[in-house]
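**Student:** If you want the building blocks of each chain, they are given just below.
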Amino acid sequence: MRPVPEHGEASLALIDHIHPKALALGIDAQSAEQAISLLAERLEALGYVRSSYADAVVKREATMPTGLPLGRAVNVAIPHTDPEHVIRPGVALGVLSAPVDFANMEEPDELVPVGVVFLLAIDDKNKQIDMLQQIMEAIQDPDTLSGLTSARTAEEIRSLLG
Amino acid sequence: MARQKTILFACGTGVATSTAVNATVTEAMKARGLTFNSVQCKATEAPSMAENADLIVATTPVSSSITIPVIKGLAFLTGIGKDKALDEIEAELRK
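So the protein sequences, as listed, match chains R and H.
Under my numbering, residues 1 to 162 are what the first sequence spells out, in order.
Under my numbering, residues 1001 to 1095 are what the second sequence spells out, in order.
No wet-lab data here; the hints were simulated from the structure.
Incorrect hints may have been included.
[What the hints assert, rightly or not] No more than 35 Å apart at the CA atoms, straight line, and that leaves these computed lysine-lysine pairs for DSBU-like:
1. R:LYS125 / H:LYS1042
2. H:LYS1072 / R:LYS127
3. H:LYS1072 / R:LYS59
4. R:LYS125 / H:LYS1005
5. H:LYS1030 / R:LYS127
6. R:LYS125 / R:LYS59
7. H:LYS1095 / H:LYS1030
8. R:LYS21 / R:LYS59
9. R:LYS125 / R:LYS21
Construct all of the structure, not just a fragment, from the sequences and the given hints.
**Tutor:** Written out as structure tokens, the structure is:
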């Protein structure tokens, strides 16, 4: 368990931004679009995003992809879209049973095999800096990433991102 | 004192990855004793906004018509090549 800060506001860990029902392990997706749709459905059902969100993310992914090449067999993608489709901020996390290809953010002609998807609902960039930085820290830490890739239970994820 | 330079952070939506990169670069440059003005934009807005900036840090491809230096920002998301990218930014800020 994470210790509760003694003074001031409790700082939120990354897992605190991920609703338990927005955490999906062992997803069977055949494509990036399927993985995004499945996670977007959960965010919509939980009231984080509007019904326009899923299509907007898929469309954006086609022109401005979000696959992040980490030089690993299993990499990460951070699909998201414009704030107008978001009701309140949050993250859906999907761990795929087998990687699917996302296009590389920096080199859209290249494909990146992705096994961990952070689907972001961002409505105000100035208020979500911590959340974004926590995701980057998780992505850049090899142990966390390996843990996410092999996690089988929500509890394992909780301990990695708590 | 030299004029404070402006870095334009560009990404797909101008809200997510450019925010994370902006925060990382601001922190790292502060540690190197450098401050700058930061502006975030969508990659599609970069050509028009480049007029008022000294360099661009972009996580997505930006138009080749841009004449100010463009530094690739993906390193700040993946962690791979981060120090080299920071050195490049520092060199531009010290010009």
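**Student:** Each of the hints needs a verdict: does it hold here or not?
**Tutor:** Here is what the structure says about each hint:
1. Using a Cα cut-off of 35 Å, the hinted pair LYS125 (chain R) and LYS1042 (chain H) holds, with the two alpha carbons roughly 13 Å apart.
2. Pair hint LYS1072 (chain H) plus LYS127 (chain R) holds up; C-alpha atoms about 25 Å apart against a cutoff of 35 Å.
3. For the given pair, LYS1072 (chain H) sits about 24 Å from LYS59 (chain R) by alpha-carbon distance, which is consistent with the 35 Å threshold.
4. For the given pair, LYS125 (chain R) sits about 22 Å from LYS1005 (chain H) by alpha-carbon distance, which is consistent with the 35 Å threshold.
5. Distance hint between LYS1030 (chain H) and LYS127 (chain R) is fulfilled; the C-alpha atoms sit about 21 Å from each other, no more than 35 Å.
6. Distance check on the hinted pair: LYS125 (chain R) and LYS59 (chain R) sit about 21 Å apart at the alpha-carbon level, within 35 Å; holds.
7. Distance check on the hinted pair: LYS1095 (chain H) and LYS1030 (chain H) sit about 17 Å apart at the alpha-carbon level, within 35 Å; holds.
8. Distance hint between LYS21 (chain R) and LYS59 (chain R) is fulfilled; the C-alpha atoms sit about 24 Å from each other, no more than 35 Å.
9. The suggested pairing of LYS125 (chain R) with LYS21 (chain R) holds, with an alpha-carbon distance near 24 Å, which does not exceed 35 Å.
The structure agrees with every numbered hint stated previously.
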